[in-house]
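Trainee: Make the full structure from the sequences, and use the hints.
The listed protein sequences derive, respectively, from chains A and B. Per the working numbering, residue 1 is the first one in the first sequence, and the count goes up by one each step. Per the working numbering, residue 1 is the first one in the second sequence, and the count goes up by one each step.
Source of the hints: derived by calculation from the structure; they are not laboratory data. Among these hints, one or two may not hold up.
What the hints assert, rightly or not - Chain B is faced by these chain A residues, among others (derived, beta-carbon under 7 Å): (1) Asp5; (2) Gln6; (3) Val36; (4) Leu39; (5) Leu41; (6) Gln42; (7) Ala48; (8) Leu49; (9) Ala52; (10) Gln56; (11) Leu57; (12) Arg66; (13) Gly71; (14) Ile73.
Stated by the list, open to error - Label-pair ranges, simulated between beta-carbon atoms: (15) A:Ser33 with B:Gly21: 17 to 25 Å; (16) B:Ala13 with A:Glu28: 46 to 54 Å; (17) B:Ala70 with A:Ala19: 43 to 51 Å; (18) A:Ser23 with B:Arg43: 35 to 43 Å; (19) B:Leu16 with A:Thr31: 52 to 60 Å; (20) A:Ala273 with B:Asp19: 47 to 55 Å; (21) B:Leu16 with A:Pro293: 29 to 37 Å; (22) A:Ala24 with B:Asp19: 49 to 57 Å; (23) A:Ser33 with B:Asp64: 53 to 61 Å; (24) B:Ala125 with A:Thr20: 49 to 57 Å; (25) A:Glu50 with B:Asn32: 12 to 20 Å; (26) B:Thr6 with A:Glu72: 22 to 30 Å.
Stated by the list, open to error - Residues of chain B placed beyond 10 Å of chain A at every Cβ, according to the derived structure: (27) Thr6; (28) Ile9; (29) Arg65; (30) Lys67; (31) Gln69; (32) Thr74; (33) Asp86.
Because the structure is a prediction, the values reported are computed rather than measured. For each residue, glycine too, the CB sits at the ideal point set by N, CA and C.
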Amino acid sequence: MHQHDQELIMALAEGTLDATAASAARAEIETCSDCVHDLELQALALTALETAPPAQLSEFESAKLRRDIRGEIGVFKEEVTFEPSKRQRRFPIAAFGTAAAVLIAVVAIAPRLSLVGGADSADTVALEAAESTIAAATTAAPQLDAAAGQVQVGEEDNLGTAAPTTSPNALSTTMAPPPEGALERVGYYAANPDLTLLRSRLESQEFDPDSARLFALKDAEAEIAEEDVNTVNSCLVVTLSTSDEFIEGFQFARGNYDGREVIFYVYLAEEPAESAVVVQAADNCEELARAGP
Amino acid sequence: MTHRATEDIDLIARYLQGDMGAFDELMAAHENRVFGICLRMLRDREAALDVTQETFLTVFRKADRYKAQAAFSTWLYRVTMNACYDYLRRTKRRRADALPEGFDPADPRAGDPLESAEVRPDIEAALGELAEEFRSAVVLVDLQGLAIDQTAEILGVPPGTVKSRVFRGRRRLAELLGNHSPPSRHQTDVDRPAPDSPPAPEHPESGTN
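Mentor: Following this line, the structure appears as structure tokens:
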């Protein structure tokens with residue numbers, strides 16, 4: 001086949017010829033059975049290619065990519081301003097797989113934190129405030145007590161309920177129901193997380209990120225997150241995008257701590273021992289408590 | 001020169017002067033496209049992420065060598081393609097499910113290629129079956145929407161060669177999608193060269209402009 005035949009067939013298949021030229025091209029091509037066959041195949045391929053799903057980085061992949069590149073080329077000596085788009089403010093769903101493992105590891109424990117539904121107060125954190133306090137968010141904070149004597153580790157069907165404790169950091173004890181759908185999908189929902197216990201679970205790797213149950217939870221949470229354009233996730237996004245240590249993050253719950261509205265985060269590192277659980281203020285991402293490095 | 005190209009040149013200059021915002025702007029403008037090329041070429045998300053990172057590292061480390069003789073995106077995508085080829089060469093990966101060359105199992109619904117394509121719409125798998133030289137042309141032109149001339153610059157071949165590769169790549173793609181046995185004249189010129197041996201002229205040095 002001549003080059004001009006190929007170009008003519010391509011142009012006809014692509015629809016780039018005007019009506020007159022297309023008509024003439026079609027007439028010419030119809031005199032050649034191979035050309036007609038090729039035109040069919042070109043059109044078929046183009047149609048199929050249009051259906052190819054978009055190849056896009058997730059927001060988490062994008063943040064990690066940029067962070068890794070910055071680390072490699074060492075361009076940024078000062079704090080990076082991170083300005084997530086509306087889409088980027090969504091929780092990085094890619095993190096759910098591993099993070100959900102942490103959720104499963106946590107069961108009813110001493111209520112040093114009490115949790116309230118996250119979606120209802122999702123707009124309480126201004127992204128700008130989060131950005132302005134990145135430095136504060138990375139400041140070391142006091143460790144939380146273990147309250148180990150009150151820890152109950154329940155099985156899936158045996159979730160314990162610990163008695164409230166009192167401390168300067170004692171929190172309200174009103175529990176909100178878990179996100180709609182979570183219970184139905186996975187059978188249980190963790191509440192009243194104990195940071196130290198969670199930390200110990202991270203270290204001992206008492207979770208299996210590949211378990212089928214995790215994926216069930218992942219699906220449930222992902223659906224919730226998809227519908228939740230949630231500015232409270234900005235703490236997580238900012239922390240992940242400016243941290244060299246953590247590869248994934250997980251907004252576990254919202255609650256109150258020392259009279260402040262807080263967000264409870266789990267940050268996972270490559271090594272479980274490097275992972276941390278952190279309480280960050282909902283209004284400015286300030287780190288208030290941490291269990292982990 | 002397009003607005004994007006002008007903006008890229010400005011961003012590179014700002015980046016070289018230490019403007020940190022330029023880094024993010026360049027990444028935001030190009031990371032998805034680079035990743036898209038890598039993913040289509042490598043068909044492995046993790047590998048595509050690694051090669052995307054490798055590409056940007058090369059570009060940012062050698063940004064001072066960019067002379068704006070070609071559009072930044074052309075340079076970037078050339079580095080991307082070379083990084084993909086390097087990766088494929090390093091790994092010598094062949095998919096376990098690849099069909100033997102020239103073999104298409106019979107499909108009773110394969111009489112009409114259009115109808116068959118609806119039955120077997122696995123465009124990603126079909127793309128993976130294409131020899132690299134055809135896949136790269138189809139990915140850049142048809143999936144990334146690049147012009148023939150820019151693709152020719154990226155691949156380091158004449159525009160006519162790009163057109164021919166796109167034509168033949170699409171034809172082979174359609175045959176794979178439709179499980180449609182090509183006429184004998186097609187078989188010989190489409191299935192070569194072997195997937196892991198891209199022709200040397202297509203590989204301009206990484207990081208040069």
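Trainee: Are any of the numbered hints broken by this structure? If so, which, sorted upward?
Mentor: 1, 3, 4, 13, 15, 17, 20, 24
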